[in-house]
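There are 2 protein chains.
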Amino acid sequence: MKVEVFVPAHITGFFQIIEDSNPLKMGSRGAGVVINKGVRTKVKFSRSDKQRVIVDGVNDFITWKVLEILNESFELPSLKVYHELEVPIGCGFGVSGACALGTSLGISRLLELPLTVNGAASIAHRAEVELGTGLGDVIAELNGGICLRLREGAPGHGITDRIIHDPLYVVCKVFGELDTATVIKDPKSRDMINFIGSGMLKRLVSNPTPENFMGLSYEFAEKTKLLTRNVKEHFEIIEEEVIGASMAMLGDTIFALSKEPDTSLDNPIIAKIDSKGARFIQ
Amino acid sequence: MKVEVFVPAHITGFFQIIEDSNPLKMGSRGAGVVINKGVRTKVKFSRSDKQRVIVDGVNDFITWKVLEILNESFELPSLKVYHELEVPIGCGFGVSGACALGTSLGISRLLELPLTVNGAASIAHRAEVELGTGLGDVIAELNGGICLRLREGAPGHGITDRIIHDPLYVVCKVFGELDTATVIKDPKSRDMINFIGSGMLKRLVSNPTPENFMGLSYEFAEKTKLLTRNVKEHFEIIEEEVIGASMAMLGDTIFALSKEPDTSLDNPIIAKIDSKGARFIQ
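Line by line, the protein sequences give chains A and B.
When the letters of the first sequence are read in order and numbered with our numbering, they come out as residues 1 to 282.
When the letters of the second sequence are read in order and numbered with our numbering, they come out as residues 1001 to 1282.
Because the hints were derived from the structure by calculation, they are not lab data.
With a cut-off of at most 30 angstroms between alpha-carbon atoms, the simulated DSS-like pairs for lysine-lysine come out as follows:
no.: 1; chain 1: B; residue 1: K1272; chain 2: A; residue 2: K272
no.: 2; chain 1: B; residue 1: K1025; chain 2: B; residue 2: K1202
no.: 3; chain 1: B; residue 1: K1044; chain 2: A; residue 2: K272
no.: 4; chain 1: A; residue 1: K44; chain 2: B; residue 2: K1259
no.: 5; chain 1: B; residue 1: K1276; chain 2: A; residue 2: K25
no.: 6; chain 1: A; residue 1: K42; chain 2: A; residue 2: K80
Quick caveat: nothing in here was measured; it's all calculated off a predicted structure.
When you get a sec, could you build the whole thing from the sequences and use the hints?
Have a look at this one:
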């Protein structure tokens, strides 16, 4: 018995942090794009007495956090959880959210826990909020598309929407990591992010196009001063070739929406927009 | 230039009607299953001066209603809208909702209207509510899965959830039509539906399994006295072979969830659960 889940990666373009003492109601509003590369999570029963989490050989806090939360309500048997990452961690692809969601959905199905999709996803969202690793990736990764997070929070509380678009490529290049928790826990960064981010959703809803999403994202990266030198330099190189480009929030990563897979970026990650969201493989 | 949309059919198992003077907030709560057969809608520009709607050769009120609502806000050019039905109309498959949603999504993309997915789907929901042809199919068809409609209304207002399940077949047999509008507009039927339907969602959320969904659905069909003789007779024949069976709300149609595609039903419609929801074909 084995369950496999694919959770697509999510790149945030702009956002705003909404505080709440309840982790299921805390989160971010904003917009991002979900891509057809992400995290494949396999969950199976383990013969050993120890719960085991393997993440491409790296120990993984978020997955343990999900197991800890599940253990509060259910007596979990010994399990193996294995994540295969198709995009790098710490670079703005929402990998922690994808690992968390893959784990909670996978275990729910394997053990036939009395959880709905929203229930399992809420555990993943709570794990993210409590560790400070993400605020809106889980709900976006569950839904897919160029995803607007209109109301913050876990699935069931948060409200999402999507932009209608022609098929598009998402072309990315990673320069390095940024620590999401450090940025979103720093009061000065938060104030700046919330000041710039608020109001952007309304501007996107009134003109819901991929071009406008990318334009607002770049404006957000510039005005919040989160824009890195690497992203700025490469933005100037590819600006003319693509529909729009900006910085992945939060990673030293440039991402662009484009009609064609080819750009001037060296060694890019090339994906398509994923409109389906998290799903079981068989 | 042509846009093609696939909208999966939705079979309601049980429901409850929630009134509101705002059609976007009116709708139904309940649960149903979305299947991988449905309606394929093609939208393209027409050379003729007349707007043209073709529905497998039959004139279609719901599609005209969507065009009428779109015309309130946008000056539509001459268009052709063509629906290809993979399931019968009037038999509890939510075909009117699928035609409405395919039309609004397709036209939004073809004309690059300033509408998000929720915005386009809201127009389809409003068309359904105003014609009385459906109350919750649009949001379910947009989301897919064994779909719980926890809060009524159009996408953006309504809240949905899904049951986590192994891959399953949906086996159906159609005996005849029922007129949804007649049933949901009759005060006596409404009272009975609401009396029986309220409380069922809570029972499903606390034990969210395909078995429980089907059990509650049959209980609903029996207690509301909507259960037809055809469905009752065939229920007794296939009960042992499947996970559960009940009557499609609203059609003289039996539907069953099953691990295998084969049952004792003659000339069945055999589908799988569709977890992706409405989508553009390229």
